[in-house]
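Undergrad: Each chain is listed here by its residues.
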Amino acid sequence: MKGRPRTGLAALAPFLWLGVFFLFPFLLVAKLSLSDTALAMPPYAPRVDWSAGWAGVRAFFAALDFETYARLTRDSLYIASYLSSLMFAAVATGILLVIGYPIAYGMSRFAASTRQALLMAVILPFWTSFLIRVYAWIAVLKPEGLLNTFLSQFGLPELNLLNTDTAVYIGLVYAYLPFMVLPLYAVLEKQDQSLLEAAADLGCTRTQAFWRVTFPLSLPGVGAGALLCFIPMVGEFVIPDLLGGSGTLMLGKTIWTEFFANRDWPAASAVAIAMLATLVIPIVLYQRQQTKMIEAGR
Amino acid sequence: MSTSRRPRLNIGAVRSSFAPWADPSLEPLVRFEGVTKRFGNETAVNDVSLSIYESEFFALLGPSGCGKTTLMRLLAGFETPDAGRITLAGEDLAGRSPHQRPVNMMFQSYALFPHLSVEQNIAFGLKQQGTPKGQIADRVTEMLALVRLEGLARRKPHQLSGGQRQRVALARAIAPNPKMLLLDEPLAALDKKLREETQFELIALQQRLGMTFLIVTHDQEEAMVTADRIAVMREGHIVQIGRPAEVYETPNSRYVADFIGDVNLFEGAVTAADGKRVTLATPDCPVGFEALEDDRLAVGSTAWLGVRPEKIQLHLDPPKEGPNRMAGKVADYGYLGDWTTYVVELESGRTVRAARANASRLVARPIACDDLCWLTFAPDAAVVLTR
Amino acid sequence: MADWGKRLGTAAVGMMALVLASCGQGGPGTLHIYNWSDYIDPAILKDFTKETGVKVVYDTFDSNEVLETKVLQGNTGYDLVVPSNHNVPRYITAGAIQPLDKSKLTGLSNLWPDIMAYMEPFDPGAKYSVPYMWGTIGIGYNKDAIAKRLPGVTIDSWDIVFKPENLAKLKDCGVYWLDASEDMYAVALNYLGKNPNSTALEDYQAATEMFLKARPYIRKFHSSESIEALANGDICIAVGYSGDMLQAKSRAAEAGDKVHLDYVVPKEGSQVWFDVFTIPKDAPNPAAAYKFLDYMLRPEVIARASTFTEYANANKAATALVAPDVRDNPNVYPTPDQLLTLFVTSSKAQPLLRDVNRQWTRVQTGQ
Chain A
1 MKGRPRTGLA ALAPFLWLGV FFLFPFLLVA KLSLSDTALA MPPYAPRVDW SAGWAGVRAF
61 FAALDFETYA RLTRDSLYIA SYLSSLMFAA VATGILLVIG YPIAYGMSRF AASTRQALLM
121 AVILPFWTSF LIRVYAWIAV LKPEGLLNTF LSQFGLPELN LLNTDTAVYI GLVYAYLPFM
181 VLPLYAVLEK QDQSLLEAAA DLGCTRTQAF WRVTFPLSLP GVGAGALLCF IPMVGEFVIP
241 DLLGGSGTLM LGKTIWTEFF ANRDWPAASA VAIAMLATLV IPIVLYQRQQ TKMIEAGR
Chain B
1 MSTSRRPRLN IGAVRSSFAP WADPSLEPLV RFEGVTKRFG NETAVNDVSL SIYESEFFAL
61 LGPSGCGKTT LMRLLAGFET PDAGRITLAG EDLAGRSPHQ RPVNMMFQSY ALFPHLSVEQ
121 NIAFGLKQQG TPKGQIADRV TEMLALVRLE GLARRKPHQL SGGQRQRVAL ARAIAPNPKM
181 LLLDEPLAAL DKKLREETQF ELIALQQRLG MTFLIVTHDQ EEAMVTADRI AVMREGHIVQ
241 IGRPAEVYET PNSRYVADFI GDVNLFEGAV TAADGKRVTL ATPDCPVGFE ALEDDRLAVG
301 STAWLGVRPE KIQLHLDPPK EGPNRMAGKV ADYGYLGDWT TYVVELESGR TVRAARANAS
361 RLVARPIACD DLCWLTFAPD AAVVLTR
Chain C
1 MADWGKRLGT AAVGMMALVL ASCGQGGPGT LHIYNWSDYI DPAILKDFTK ETGVKVVYDT
61 FDSNEVLETK VLQGNTGYDL VVPSNHNVPR YITAGAIQPL DKSKLTGLSN LWPDIMAYME
121 PFDPGAKYSV PYMWGTIGIG YNKDAIAKRL PGVTIDSWDI VFKPENLAKL KDCGVYWLDA
181 SEDMYAVALN YLGKNPNSTA LEDYQAATEM FLKARPYIRK FHSSESIEAL ANGDICIAVG
241 YSGDMLQAKS RAAEAGDKVH LDYVVPKEGS QVWFDVFTIP KDAPNPAAAY KFLDYMLRPE
301 VIARASTFTE YANANKAATA LVAPDVRDNP NVYPTPDQLL TLFVTSSKAQ PLLRDVNRQW
361 TRVQTGQ
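Going down the list, the protein sequences come from chains A, B and C.
For the first sequence, position 23 (counting from the first letter as 1) is numbered 23 according to this note's numbering, and the numbering increases by one without interruption.
For the second sequence, position 79 (counting from the first letter as 1) is numbered 79 according to this note's numbering, and the numbering increases by one without interruption.
For the third sequence, position 130 (counting from the first letter as 1) is numbered 130 according to this note's numbering, and the numbering increases by one without interruption.
With a straight-line cut-off of 16 angstroms between C-alpha atoms, the simulated EDC-like cross-links for lysine to aspartate or glutamate are: (1) LYS142/A to GLU228/C; (2) LYS316/C to GLU300/C; (3) LYS142/A to GLU225/C.
Not the full set, but computed from the structure, chain A residues with beta-carbon under 10 angstroms of chain B: (4) GLU197; (5) ALA200; (6) PRO216.
Simulated from the structure, these hints should not be mistaken for laboratory data.
By construction, the Cβ of each residue, glycine as well, lies at the ideal position given by its N, Cα and C atoms.
Could you build the full structure based on these sequences and the hints that come with them?
TA: Written out as structure tokens, the structure reads:
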């Protein structure tokens, strides 16, 4: 056979995947966000009247509007929950960096065989259901839970952490730690040790070598880890729902309320679409970071 | 078949008057005193004593695993000796970490900081020394000019060729003006032609800066071309130290003779030794060997004669009678352009290498395989080795 | 073009059906029920199958919101679903459930007319639904903990969970409210002397003001966690559903004699709620659904169910058959005097519902 190998089908696969599992649902949600609520099955209008043919489709599009989006800007609740979600995600990402970096750094300094075991230990929690792990935190943090039992053993005052923002941060940091550690570990482990010798040779103490060489070189991992955690944390629902208080304001909960309590599918969709739009910026940043990492890795 | 080496002795000859090691009143810059370094059960450096002098270009030469790199890393401070001491400018280096030692190293991998541009790499050590900004800029410009990388100051290492990277690494190590520059296999990653050019650049640079260079290499040609003195290492020991020509022409052991250049080693029994000449009886040469040798070797003892291929003449017609004359037939030859190396099988069955300069373009009687031939060498062309 | 679109639509429906096939599978002999969790004696289902040969697939949910979202989307594959009273009118309007063919239900005469009267506002004439259980909303509390903080106070009024001065004393031991806006507003409106089915936004705003004053003392809004929290002694008072609060009480008793709980329907009156059986419009096996409904209308069967759930049923003939400790508990079967103070709520119009929910979010988050 002459010419280029036939990779047509294989090359289509990712697009097919994205089309079926991202683009199609996205368009459905986008369409929904332009609809209005209605007491019907399903609870929104308009719906395409296929029997009316082309006119039905036209009528359908004519009935779509941006009213729901306008409402999002009018009610401070949505802005507040956006800001609150971004805040939760940003602070948790910061904490994750502070905790995850030393872990990843420490891991990368061990002998190869020990590193494998440590890597396993980081991945191990994934073998248990996410929900069970979050529930376990309820058992730890509740008033009569493990934490307070422990504290009272030492005569320390009890902490009421469950259903507070602190509990949400604990849950977020706990659940996302591997997503921070793994990319950091990947860059730190690859780092050429002779660079540190070179830095020492050129007059750096260990600390100086870390800040002048190790850290700047690990920035792609920092970026990847931060975005990998930040993006899903903005939309996190389970952790604030289970560990947070009723006052914990996050987008995931807002969407839940719109969808279930208000039966307002268009509003829930609009909030979701707006969230996606907000997240496009960090996602694009993440993409660029990845490209950079690949280039630097040449 | 391997090619014959062509040491360029003329370079060293320029500095033939430079011999600080011969002056007992001079204090060496670096002194290794009985230094030993073990890794587990392995003794990488075994009781090494060595002095290197100010402005010297010193080479540590040996096969991989001989301990030469460890010796250098001991000096840089990346390893700590298990026994012995190292002094630099009279000062004991024990307990001083790498960043406190006034030596800089050029790494075999170059170890350029990939996140920094060429100029930032070069400025790295200067910044660390606390040099004022303006001075750093001047020094960087100076260094860029020195290694001819003026236009590439803003490039990142991955945007450079291998040769350019090598020069950045060199400039970075030189920039802080260390007391001594350590070069770990500096040319190993370059292709042959670039390597030869760079060797000369290194010499020129060293002479211009007057800086003390210590180079570690497994390539005997590199050591011969660049160094004032060579220390040949074997299994953690230094077996011989000397000028390139000394090491080449008067190796002190079969190991050194064999490691540096090509050599034909003949084993024989001493039949006479008068303090000027030695004669040997050997199955390889029925008429016997004769060589110049001051030592009065015991008659009957075993000795080896080392003869470089270029010092053996090949004749197609029988040469005149005399010692050091062997008959054989051409078993193989390799044409190298400037030289042709012949492998001659002696009547005793062993093979001998002989090199002949291709002095003219047209050869009246080309030599072919299975041609009968004779080999001879002058008594002063051979070196007598007892170990 | 239209043709192409139609085919696409058909394809989409086909795909959806495929996805939901796991729910809809099974022959004519299978009945799919979707009910609240922990809400039936499993032995009843077994006996039903033994008697009728109809296999029962029983799935559970734990919020009306989740149920309604599923049912309004259609294609659930269920033959019977069990919504609460205030959701039913929406189901009817949306056409999600089918009117009952009463000729297929022989046991309807067993129902208790006094209680059925409460169903009038949300399902007039009980055209669409058959009651399963009913109960009240009230206060579950830890007797010892409350007595310590409010000595000498009788717990018989909403004052205890709505008045800031009372709540301030209870904050440290933990107060839960229901996370169900319609239930909480109904109770609050009644407490404030307003119509619990009010359609006036101002009434709801007044309730919101009251809620906001109490808000700082509320640890959590949750509709089901209070059972566990009360029973463990993690909290000392909660607004909750009668069955849940009584369940917490028996759990605490089973766990040892450490936590002593009680439940009260406050004297100002409270909401009666109903969980009712309805048949979705697209139920695959309505015949089996009718069979099951008729089975559940038998006094001896529904009495067993009440004994198990500790909720009252609406079957007059069954009352005598319910276990005495359930039947004689005024918190389960209210006294005739208490019955007079009870009320029931219906669905709100969508815009009002939205506003009420928005206010409820403000109560919870301050936003």
